Each structure stands twice: as C-alpha cells, then as structure tokens.
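Protein chains in written order, with my numbering: chain A, 1 to 380; chain B, 1001 to 1152; chain C, 2001 to 2165; chain D, 3001 to 3358.
Just so you know, these hints were derived from the structure itself, not from any lab.
Predicted, not measured: the structure shown is a model, and the values here were computed from it.
Be aware that a few hints might be false.
Stated by the list, open to error - Heads up, simulated BS3-like pairs for lysine-lysine below, C-alpha to C-alpha not over 30 Å straight-line:
no. : chain 1 : residue 1 : chain 2 : residue 2
1   : C       : 2015      : A       : 215
2   : A       : 307       : C       : 2091
3   : C       : 2095      : C       : 2134
4   : A       : 187       : C       : 2039
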Amino acid sequence: MYRETQIVSDVAKTPLTGEGTFTINVGPQHPATHGVLHLVITLNGETILNIEPHLGYIHRSIEKMCESLTYRQFIYVTSRMDYLSAHINNHACALCVEKGMQIEIPSRAQVIRVLMDELTRIASHELWWGAMAMDVGAFTPFFHAFRERETINDIMEETCGARLTMNYMVPGGVMYDIHPNFQKRVKDFLQLYKRKIHEYDELVTGNIIFQNRMKGVGVLTAEDVISYGCTGPVARGSGVSSDIRKLYPYEIYDKLEFDEVLETAGDSFARYLIRLREMNQSIRIVEQLIDNIPEGDFQAKTKAVLKLPKGEFYQRVETARGELGVYIVSEGGTTPYRIKFRSPGFSNLSILNHMVKGSKIGDLIAAMGTLDLVIPDIDR
Amino acid sequence: MTNEELKIKISELLPVATFEEGGEWLNINIEPADWLSFAQQLRNDSSLYFDYLFCLTCIDWKTYLTMVYHLSSTKYRHNIVVKAKLDRNKPEIETVSHIWRTAEFHEREVYEMFGVNFLNHPDLRLLILPDGWEGKNPLRKDFEDPVNMIKL
Amino acid sequence: MAFLKLIMFLKDYIKDVFGAIKSLATGMKRTGYYFTHHKEIITQQYPDNRETLHLPERFKGEVVMPHDENNEHRCTGCTACELACPNGTIKVVTKFDITPDGKKKKAIDKLVYHLELCTMCNLCIEACPSDAIKMAQTFEHSVFDRAQLTKVLNKPGSKIMDGVE
Amino acid sequence: MWSFSKIANIIHEWLSQTFNVTWTTIIEMVIAGVAVISLFAVLGLVLVIMERKVSAWMQIRLGPNRVGPKGLLQSLADTLKLLVKEGMTPNGADKFLFNLAPFIAMMVAMLLLAPIAFAKDFQLWDLNIGVLYVSAISSISVISILMAGWASNNKYSLLGAMRSGAQIVSYELSAGLSVLAIVVLTGSLQLSEIVNSQANGWWIFKGHIPAIIAFITFIIAVTAETNRAPFDLAEAESELTAGFHTEYSGMKFALFFLAEYANVFIVCAIGATLFLGGWMPFHIGNWNGFNNIMDWIPSSVWFFGKTFFLIFLIMWFRWTFPRLRIDQLLNLEWKYLLPISMVNILLVTAMAILKWHF
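Sequences are here, hints too, so could you generate the full structure?
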C-alpha cells in the first residue's frame, strides 16, 4: 500500500483555521501562475499549510467539442490544450486515429513529425527556462531564452504556417511538405543553440542564489511521483523512468540514439537540470535526422472521410510536460463517441499540495515553476 | 507479463471477471462492488504490481455508464484496462484515491462531468466547474445547455 | 582537534564565500557583455519595419479567394470547404446560372467567411478540389466593428473561370 | 572652471547685500528646499530612464525609444501618466495611514540629502555627526513600508511589509558596521572631514583589503536596505505581486517609486563619499601632470560620476540575479555579512591604531 511520505509533522498537525492562520488567493491573476490557475493557500505566517487548486477558468470542454468534430477536424482543437507543445498534441491524436485505421505512414512523414516534435520540445523548454528564472526573480534570462525560441518559431512559421498552433500533423502524415529552407534554417538554429547554451549555465544554473533557491525545495520521492501519476521531467527528477519515447516507442523513436535523462535528488533543481539536459538530447535527435530526411511522400493516401472501426484506441506520447494519453472510443462513425485526453499537467498539478506543504511562499513559486504547468492543458 | 499471462493471473484473483479481446491491452470487466478489493490486489500483488494509474475516465453509453481505469506497472511495464458498469441513474463506485493518489483529482473530474458518486472519497467537490453546477453533468450525452452550447 | 575543526570550518566558510562571489561574477560578466555589445539586440521595431517585414508564403493569415484580371475565380460552389471547416467559418451560398447553351449550372452567389471564427487550421484549403481559396499573409486583422470581420470572398460580379469543374 | 560653491557664494553675497541676515537665511532655505525638490524630480526622471535602458541592453532589447530623442523623454511621459491617474484607496483601508505612508517614504529620502557633499564646499548642512544622522534617518524608511503594508488591508501587502521589516532591521547592522570601518579610519563622523581625509587617496585604495571588504559589505547591505533585487522581497513580483505597494496607484505609487530611486541615489552617494572620496578627484602619487588634469574636472562631476557608477552597479545586480528567499536573506546577513564585518572592523581598528594605512 502506498504510504505518503511524512511531511513536516508540525505542519501536518496545525489546524487550518484558528489563530495565526489565514488564506490568500494566488491567482487567477498572479505573475507566477502563468495563466489563470487559482490556488487558495492557507498560511501561517510565511509557512504554507494547505494548497487547494481551483480550476476551470479556461475550461472549454475540448472533450465534448471533439465529440461533434470529425477525425480530421478534431486535431486542431488539441493545439489549444497544451499550446507550448501543440505539435506533440496533434501528433498524439493523429497517431491514435492512424492506429485505429491502421494507416501506414510514409517514412518521410515520420521523420518530419519527429523533427517537429523535438523542435517543439526545445522551444517549450526554452520558454520554461526563461519563465522559471523569472519566477525566482531574474528577469534577464527570459529575454535570452526568447532569442533561441524565436528562431524555432520562425522555422515553424516557414514550414507550418503558424508559430504556436500549427495544425500541421494530419492523419496519414503531415499537411504539406517541409519548406525548402527548412534544413538550412534548422542547422543555423543548431549552431546558434550551441553557441549560446553555455550562457544558460553562466546566467542561471551556476548562480549561487538560484541554486540555493532550488536545491532541497519541493522534494518528491519516487513513490510519491508514481502514486500521484506525475510524468515527464517531474517524474524523471525523482529517478522514475517515464519517457514514453523509450518505454513505448512510437514513430521512429526506437531507431534513434538518445538518452533518457534521470536525476535522483527529486528536488526543484533536479527537475531544472532534467529539462536543460533534455534540450540537449532533443538537439541530438534533430542532428541525427536533419540530414537524413528520406525522400518520398509526406502523406499517406487516405479517404476523404475518415471512419474509425468500432473499438477503443489509446495512444500515449511524450510531450514536453510528460505523458499525454489520447483515448478514443469509436462507435464506427465519422466522429468519436468519446475522447479523453489524459493531460500531463492535470496529474502534475495534483502533487502540488503534497510538494510544498510546510515550506515558504518563495518555495511555492520555485517548486510550482518546475512543474511547468500550462493551464489550458490542465483545464482542457 | 503478456496479456495471456495477465489473464490467467487475474482470473485466479477474481474469478467473476470477464475479459474483452481485441484491444491493445487486456480489458477486464468487473462489477463495481468488487472494485475496491480487486484494486488493492492489483496494486499489492508482487507479480502484478500495478502502481501507476495513468488514466481514469468514464463513458456514457446512454443506458449505462462505464468507468474505465487504465493501469500500468512501473516495474514490469505491463498495462491493463479495468472497466466497471454503473447504473446510470445512481452511479456509485468505491474510490481508489487512497491506493493511487492521482485518482483523487481524476475522480473529482469524473464526479462533476458524469455525476459518478465515489464512495469514501476524501474531498468530493466540484473541481473545474463553478458553484451551482452540482447535478448538471456536462459530458453526459443528454446534457443540454442552450446558453453556453453553440450548435453548429 | 577542536582547533583543527575550526580551521576546517573556516576554510570551508571562506571557500563558500569565494565560490558564491565567483558564481555571481560569472553572471554579471554575461549581462555586462550584452550591455556593451549592442549588436546582439534582437528587437524588431514592428510598425516601423512594415516595408521590410516579409512573412513566409505559407503563413496562415486569412482565407482569400484569388481573382484573375477578368474578375474570375475558381470556386465551383461544391461546399467542400464548408464541410471541412470545424467551426462553421465558411458558408457557401449557391445560385443557379444559365450557361450559354441554356442549361442550369450551380455556381456560388456568395462565399461568406467569418474571420472572427476562423482558427487558421488550413483544412478548407486542403479540402478545396479546385484550388479556389488560399491563405493570405495578412495578420493585422483588428477592426472597430465585429461586423467588418464577416467577409464575402468572391468579388461582386465575379464568375467562375472557364474550364474549372 | 565653474563650481557649485562659487554659484552658492555669489547668491549668498547678493542676498546678504540686499536683505538683512534673517531674510537671507529664510530665502536661502527656500532656495535649498526648491533645489532639493527639483533635484529629486530630475533624479527620478534620469534614474528611471537609466534603469530602463540598462535593463533593456542587458536583456538584448532596445528599451524605450519612441518619446523624445532615443526615448530619453520616456520617463517624463510616464510621470505625466501617473499624475493624471486616479489614486484609489481600497475599501477597509486605514485611510490616514494609507495616504501618509508614501509621504513618509519621500520625506525620509529628502532628509537624507542634507549632509551630502555634492561638490567642493557645497553641502546643505555639514553637521558634525553626519554619518550617525544618515544611519538614524535611513532606518525610518522601514516605517513607511510597514505603514503602507498594514494600512492597505491586503494580505500580500502585509506579508511584503513584514518581510521588509525583518530585512531592513537586519541589514542596518552590517551597513552600519561597514560605515563604521571608515569612521574608525578617519576618526570623524563629519562627512566633509571624511572627504577631506581622502585628499591623498580614496579609502578603498588606502585601507587595504579591509576597506574593500567593507565596501562590498556596504554595497550588499544598502542594496538590501533599499529593497532592490536580489533583495526585493518586499515587492517580490512573482510571489507577492507587488508587495507593500500592491494597492497603491497614481501619484501615491509614483511617490513610492520615486522614493526608491531617491534612496538608491542617496546610499550610492554615501558610498561614494565614504569609500570613493566623494568629490575628490582621482590622483596617482606624484604624477603631477595627470593630477592637474584630474583637478581640472569639476568636483561635482567627480561626485556624480562616482555615484552613478555605484548606481549602475546596483542596477547591474538587479538585472542579473534571482531573488533570495526570506530565510536565505536573513542567513546571508546573520551568518555571513555580520560576522565578516565584525572581524573586519577589528582588522580596521588594528590597522588604524598601528597606522598601517597610507
């Protein structure tokens, strides 16, 4: 049976009402919640006694919407879930539909998809890095992170036609071929990234104040992480292997050389390091693929109207935040009977209370930042 | 363990369970009353060790509801799907939030979206919907909201 | 022993202090570098650089219907785009034209496009069998009245191009 | 060359010829008051634009560049905006204290300006306990912050104010001790004498390593005392939204804003006076030619140059470092800065007694 690790005993015993305790609302508009997350925090002085998330400020009921959209149409909505890894969300949906229809995807499309996924992952982690530094009070890194992220966005814009919500992946492949400039632009980006990545360490990682803020904060044990269903860098920071790309490989990930980054400390700094190193692994994947994009079709021949056979289909992918599951229940029609998106953010958020109980307000910000919450992903 | 081995092992644990074939993973149909003890066995049995509940949801089949639990083991990396049929008018099932903590939030979501009552849940309140939505279950198929829903 | 311990403590203490100062100085060196190297500045002065600002040709700004010099378009009014659209952004209003040989022929009267509903997903353009619509590279869509966002894509008096079925 | 003292003397002589002694004094006081207020206004404008430009360049941005030549009038436009904005008082706030707090913050900053020597023989009030006066008055500023935090009836504000109280009270200590190091070396509390004692070299050079340590401690402590990043816990944007001035708007907010910059200027001016020789020009030993050129630069330029160098340093800190946590902030003071400055003051005393300094 899972036993919760003992949190600071005084805090666990302190009653949530009574003298000396008070509640404050962090959010829905607050600089550190990066969106409309609303946390009701019970405090005793600066010590946090309890955190209760109130969700739904950006709930659009995507699952209900998808029930009335066809299998080609519903993919665009998923870009609006976790907008920072829009490609990967689209990819998950496309994969799930392909699994149901048993479509073979051309190898060129597979490589393009993986390339886009990894670029998205880098872009997402860049933004997270800047926002993380901003959460702990350093403003400058945010702009430096945007310099590299902007390059990726430009590449996306050129090939996919949009910067954030691309809707580039369709069942059967990708919507159109990569832009002729794509390879050159990506190589330029790789050079820029390699030239600048050491600055990340100089500015933030090595900084003594930053390390003190992050080390030993929000410690999660492997047991906690598994029980709360945390995935992605949050799980890997506690030494739980959870990279879907390695465990249940999809597309061509089983043929690629990359490492699953693991740290054992389980604190905020471990999660920080995981994301920085994951960027390097993504760079490794991009480097392997960028010169080896096979010739051929970018899209398999599919019927104009897609119909999934009756049944249930589940597809897991690794987004920048963790495991995204797409669960489609089909009745054989042109629209899904029921769709469930198992979003990484929702599970990761559930551990927040356990993680920061008994620490200071400053720690809440530092720990919450490393969960990398994207609110539309939580609310869906 | 492969799906076949899992099937043999689970039919030993819960003889009344029926199995569905054809999916990627082993689908087990159980009665809601058996769920709590079965869940504990799944979690604690050393050769099953399903310690990771990666998806918890509900499906409205218009005449009845189905709870769907996707379980995985971080040790053996095998997956199963457990399904329990609920009465649509009075859906009730035991909570598993003390076995898998992630179920706490997911069950709250299912509670407000489908109206499933999770017995012994520590904190069964609305999570996403604002106050005043108790009893209205947006993800049920017969839900109608003329104000907020736009029919295209 | 106690004395030795004190020495060790002092040594660690001083090491701590110097390590901290060094790490801070590294960061300051980096920001100092950018302070003095103005070539690294990446700001784009947006409204001023309209002339030099080139959006990639694939950029999805809004749906337009290209017309040639004879005011002819390629739309047959098949409503494929209307069916493909997830948001009901496009409404095709058809009418019946009389062809020169006296037959009735379906043609578009109006192709109404609601820019305020459009999510630029490109599905309509993919669905169009006769390449009648395409994405334009405009992006400054703000207007003072919402009604201005509802557009009719075919120009008044336009007709279908010869040979497009 | 022109100098402030000459201008002051000309005005003084003209006034003495025209009026009797009492009126002369009164008019001079009025002139001094107007000068201080206008200095503050100018300082606010200059420092805000400076901060915005410094931060922009460090963040690979252009910074404000639309209002006036190269955006130099941006802060004027900002001030205008703040002036015409509605100053709101939240419901349930203690109205009297709420409105009083920004003025106290401003008054403290103005009082601190009195003993500072801006140029050779140019000082508002050369009182003989200048250093003591500065430390005494600067500790009042915490009251305005506590007042603002308490009166706002906002938990964020209150938390910010409480943090600020703990912070300023602790950092007063090491700031005081590092100032004391120079007092020990000089043997005087009078700021003009401290400046004069540096005629043959600034204390940071003359005082060997202890003076440098004292200088570093001083800079860290005053950064904390003025609530600047990395010690901006009272504001802590990402934690407490804006800390003690969350509820302030319009001109009352502007006064807090201005007081922050005025405080930065003043502590930097004190730092320049104590460690970098105030208005004293930079001299090297017997290089007479070089020294003459240095002397030719007006003393006020020297003073403002040094002060702005220190201000730049503090801005540089702000735009590079992350913020500390409240317990780490206090750890830094009580476990590092205070012991170091205590040992340091012993060293300085020994040095002063043995006449080891130059």
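For each hint, the structure was consulted:
1. 2015/C x 215/A: holds (19 Å)
2. 307/A x 2091/C: holds (25 Å)
3. 2095/C x 2134/C: holds (23 Å)
4. 187/A x 2039/C: holds (22 Å)
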